[in-house]
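Enquirer: Mind docking chain B on chain A? Use the hints.
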Amino acid sequence: MSIELKNVTKAFGPVPAVNQVTFSVKEGELMALLGPSGGGKTTVLRMIAGLEMPTAGDIFIRGRRVNELPVQERNIGFVFQSYALFKNMTVAKNIAFGLKIKKWKRPDILSRVEELLKLFGLEGLEKRYPHQLSGGQRQRVAIARALAPKPSVLLLDEPFGAVDAKIRQELREWLVTLHHDLNVTTIFVTHDQEEAMEVSNRIVIFSRGNLEQIGTPREVYEQPANEFVARFIGVMNVLDTVVSGGVARIGEMQFPAHDQPEGCLLRIGFRPYAVQISTDLALFPYRAILRHTFFLGIMLRLELELPSGLILRSRMTKEDYAQLGLEDGRAISFQIRNYRVLARESAGLPTEKELSYQLPPTIGEHI
Amino acid sequence: MASPIKTRLRAARNPSRRSTEESPVVKWLLISIALAFCLVFLLLPLLNVFAQAFAKGWRYYLESLYTPDAWAAIRLTLLVAAISVPVNVVFGVAASWAIAKFNFRGKSLLITLIDLPFSVSPVVAGLMFVVLFGLQGFFGKWLDEHNLKIIFAVPGIVLATVFITFPFVARELIPVMQATGAEQEQAALTLGANGWQTFWHVTLPSVKWGLLYGVILCTARAMGEFGAVSVVSGHITGQTDTMPLHVEKLYNEFNGPAAFAVASLLALLALLTLILKSLLEWKEARDLARAQQPAPPDSKAKPQMPARETTR
Numbered sequence: 001m002s003i004e005l006k007n008v009t010k011a012f013g014p015v016p017a018v019n020q021v022t023f024s025v026k027e028g029e030l031m032a033l034l035g036p037s038g039g040g041k042t043t044v045l046r047m048i049a050g051l052e053m054p055t056a057g058d059i060f061i062r063g064r065r066v067n068e069l070p071v072q073e074r075n076i077g078f079v080f081q082s083y084a085l086f087k088n089m090t091v092a093k094n095i096a097f098g099l100k101i102k103k104w105k106r107p108d109i110l111s112r113v114e115e116l117l118k119l120f121g122l123e124g125l126e127k128r129y130p131h132q133l134s135g136g137q138r139q140r141v142a143i144a145r146a147l148a149p150k151p152s153v154l155l156l157d158e159p160f161g162a163v164d165a166k167i168r169q170e171l172r173e174w175l176v177t178l179h180h181d182l183n184v185t186t187i188f189v190t191h192d193q194e195e196a197m198e199v200s201n202r203i204v205i206f207s208r209g210n211l212e213q214i215g216t217p218r219e220v221y222e223q224p225a226n227e228f229v230a231r232f233i234g235v236m237n238v239l240d241t242v243v244s245g246g247v248a249r250i251g252e253m254q255f256p257a258h259d260q261p262e263g264c265l266l267r268i269g270f271r272p273y274a275v276q277i278s279t280d281l282a283l284f285p286y287r288a289i290l291r292h293t294f295f296l297g298i299m300l301r302l303e304l305e306l307p308s309g310l311i312l313r314s315r316m317t318k319e320d321y322a323q324l325g326l327e328d329g330r331a332i333s334f335q336i337r338n339y340r341v342l343a344r345e346s347a348g349l350p351t352e353k354e355l356s357y358q359l360p361p362t363i364g365e366h367i
Numbered sequence: 001m002a003s004p005i006k007t008r009l010r011a012a013r014n015p016s017r018r019s020t021e022e023s024p025v026v027k028w029l030l031i032s033i034a035l036a037f038c039l040v041f042l043l044l045p046l047l048n049v050f051a052q053a054f055a056k057g058w059r060y061y062l063e064s065l066y067t068p069d070a071w072a073a074i075r076l077t078l079l080v081a082a083i084s085v086p087v088n089v090v091f092g093v094a095a096s097w098a099i100a101k102f103n104f105r106g107k108s109l110l111i112t113l114i115d116l117p118f119s120v121s122p123v124v125a126g127l128m129f130v131v132l133f134g135l136q137g138f139f140g141k142w143l144d145e146h147n148l149k150i151i152f153a154v155p156g157i158v159l160a161t162v163f164i165t166f167p168f169v170a171r172e173l174i175p176v177m178q179a180t181g182a183e184q185e186q187a188a189l190t191l192g193a194n195g196w197q198t199f200w201h202v203t204l205p206s207v208k209w210g211l212l213y214g215v216i217l218c219t220a221r222a223m224g225e226f227g228a229v230s231v232v233s234g235h236i237t238g239q240t241d242t243m244p245l246h247v248e249k250l251y252n253e254f255n256g257p258a259a260f261a262v263a264s265l266l267a268l269l270a271l272l273t274l275i276l277k278s279l280l281e282w283k284e285a286r287d288l289a290r291a292q293q294p295a296p297p298d299s300k301a302k303p304q305m306p307a308r309e310t311t312r
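Same order as they appear, the protein sequences are chains A and B.
The numbering used here applies: residue 1 is where the first sequence begins, and numbers increase by one.
The numbering used here applies: residue 1 is where the second sequence begins, and numbers increase by one.
Warning: the hint list may mix true and false statements.
What the hints assert, rightly or not - Computed cross-link-like contacts, BS3-like style, restricted to lysine-lysine with a CA-CA straight-line distance of at most 25 Å:
(1) B/249 x B/107
(2) B/107 x A/100
(3) B/101 x A/87
(4) A/102 x A/150
(5) A/93 x B/208
(6) A/127 x B/283
(7) A/93 x B/283
(8) A/127 x B/149
(9) B/107 x A/87
What the hints assert, rightly or not - Label pairs and their computed distance ranges (CB to CB):
(10) B/178 x A/289: 52 to 62 Å
(11) B/25 x A/192: 56 to 66 Å
(12) B/205 x A/165: 30 to 40 Å
(13) B/20 x A/165: 34 to 44 Å
(14) B/146 x A/58: 51 to 61 Å
(15) A/127 x B/272: 31 to 41 Å
(16) A/114 x B/199: 26 to 36 Å
(17) B/289 x A/297: 56 to 66 Å
(18) A/216 x B/20: 53 to 63 Å
(19) A/127 x B/275: 49 to 59 Å
Said to hold, decoys possible - Sample of chain B residues facing chain A (criterion: CB under 7 Å; computed from the structure):
(20) 116
(21) 120
(22) 187
(23) 190
(24) 195
(25) 198
(26) 202
To be clear, the hints were calculated from the coordinates, so they are not data collected in a lab.
Cβ atoms here follow ideal geometry from the backbone N, Cα and C, with glycine treated the same way.
Chain A with its partners taken away, still in its complex shape (with noise of 0.2 Å):
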């Protein structure tokens, strides 16, 4: 294990920031900490740096306990979400801080100075003041300042966050790529759950200070723990039904609920593609019109008008939705593959604020 935590809560005032997480990370892996903005998952970065001591709980750096050691002697890299490069030293100077600070012998410093600039593509640029860069550039300098001690852990803080939506693209490849080639353990802190999915080997889901799932992608897309990582990541319809004679009901919408009580409401989430759909109005038991279609690139976005108002989002590829000879307006057939009771309450649903966060999955794991 590279990291591991233990139980860590950080508190700032009365309300904890961050509230008995327990994860670990393992050696060379490259591990997403995704939430929403307050989640806690900045703060638990910087405990791991040592920019923040945990109130309680333990954390642990390749086995040691690290929760008294400073910061210059954890042995991390840490990249801030502004770079925070040195804005008085040049490209070269900023790279070599840390060597210097650590006493390395001059030769020494300029090989490995000149190995990273060559690493990052930034050869030319040695001389240049960050105020002299590009967005993309200055990520790459703070990145390579970060790495250039041979940090045991690389850290960074929403590292696309400050670049433009191109170049955001081209940095994702770019840091998989390089977590690739130097196998250095690597953890970043995500809002964007695409970002996540795509960068990352495991992803850890924060919201307001708590742990909600650690998983692969896969996992935490397919296998949501609960409501708040289900609507998290990626789109999923979410419909409040009420139980009646064995049956969950909303509008025309019916979904098995036999072991329910009669009066039950059950809150089920499916995601777009579970919706299947035909031209053919016989094929399929719901009927719906086609209100609008969303061009997303390869895939497409449907949405769907129930005669009751209900709305629902499909998607399929441009190519299916040629084959069907699909457009807006018109009438389809569709039916739900498959779904996932929420959650459920006999009284009545809590507001949804109290219930994403708490109550896990009891029932229907359907998917």
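Expert: Same frame as chain A, now just chain B:
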């Protein structure tokens, strides 16, 4: 309401004038009032200082500067500045650091206290020290017993000057330090630097212009201070007279040209300060403009890894 066409026509007639600007009459009236005011109240008196100083010619000017008393005053002024400026640099850096980096109780009180010398009359400031260290004062008896002289001696002048000038460095540094933020310093920490290395390599370089600016203002004031110094100095010619006090004394002795000669030195100092200050501002503005201009196009910007066999 003017039609778009009319607006465009008017804009074409007077291309430099924006719709939010005042009419030319108001504009020129305001500019001439400001200029006239500066001329009458600032520039003419300043020129007059030099005119009076040279009223009896070059020789007299130099002679009145070469008297032992004038020399003593110049030396004392430089000594006082040489002590009080470094003291205030240390205090200013410490105070602005504390205010910018930490949250603590009494922070706003500290900020208010730093401004105190600006709001207290210099004479009152001088009197405070007399009350504390004078013969009849709080520590007077103890000081007398140990044969220590503060009031009517150099230490008193230094104390009064430090008090008067201590907002300058701190005031200049606080906003700069706050703007710099803590991230660069934290980055230095994660790279293994200790507190002192971080301060020396990261904090200080990033606030150096603000610091220099504060030092210049502080120096100018330390040399020019009259009120507080006048109260504590005792006006002993050749011993506790600073340049401003010496000027006043010469003037009261109806030695106008000599008074103006020393005064012209002080005025020169002030002009030098202004020039340095403008140079600094100009440099800062240039740095800022450079920082804000878009990064140069970079041919190597493609953020892809240079080819490595393992990945291609």
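Enquirer: Each hint should be assessed against the structure and marked as holding or not.
Expert: So, going through the hints one by one against the coordinates:
| no. | hint | in the structure |
| --- | --- | --- |
| 1 | B/249 x B/107 | violated (43 Å) |
| 2 | B/107 x A/100 | violated (36 Å) |
| 3 | B/101 x A/87 | holds (19 Å) |
| 4 | A/102 x A/150 | holds (11 Å) |
| 5 | A/93 x B/208 | holds (18 Å) |
| 6 | A/127 x B/283 | holds (21 Å) |
| 7 | A/93 x B/283 | holds (23 Å) |
| 8 | A/127 x B/149 | violated (56 Å) |
| 9 | B/107 x A/87 | violated (28 Å) |
| 10 | B/178 x A/289: 52 to 62 Å | holds (58 Å) |
| 11 | B/25 x A/192: 56 to 66 Å | holds (57 Å) |
| 12 | B/205 x A/165: 30 to 40 Å | holds (34 Å) |
| 13 | B/20 x A/165: 34 to 44 Å | holds (36 Å) |
| 14 | B/146 x A/58: 51 to 61 Å | holds (58 Å) |
| 15 | A/127 x B/272: 31 to 41 Å | holds (35 Å) |
| 16 | A/114 x B/199: 26 to 36 Å | holds (29 Å) |
| 17 | B/289 x A/297: 56 to 66 Å | violated (40 Å) |
| 18 | A/216 x B/20: 53 to 63 Å | holds (59 Å) |
| 19 | A/127 x B/275: 49 to 59 Å | violated (32 Å) |
| 20 | 116 | violated (32 Å) |
| 21 | 120 | violated (37 Å) |
| 22 | 187 | holds (4 Å) |
| 23 | 190 | holds (4 Å) |
| 24 | 195 | violated (10 Å) |
| 25 | 198 | violated (9 Å) |
| 26 | 202 | holds (6 Å) |
The structure shown violates the earlier hints numbered 1, 2, 8, 9, 17, 19, 20, 21, 24, 25.
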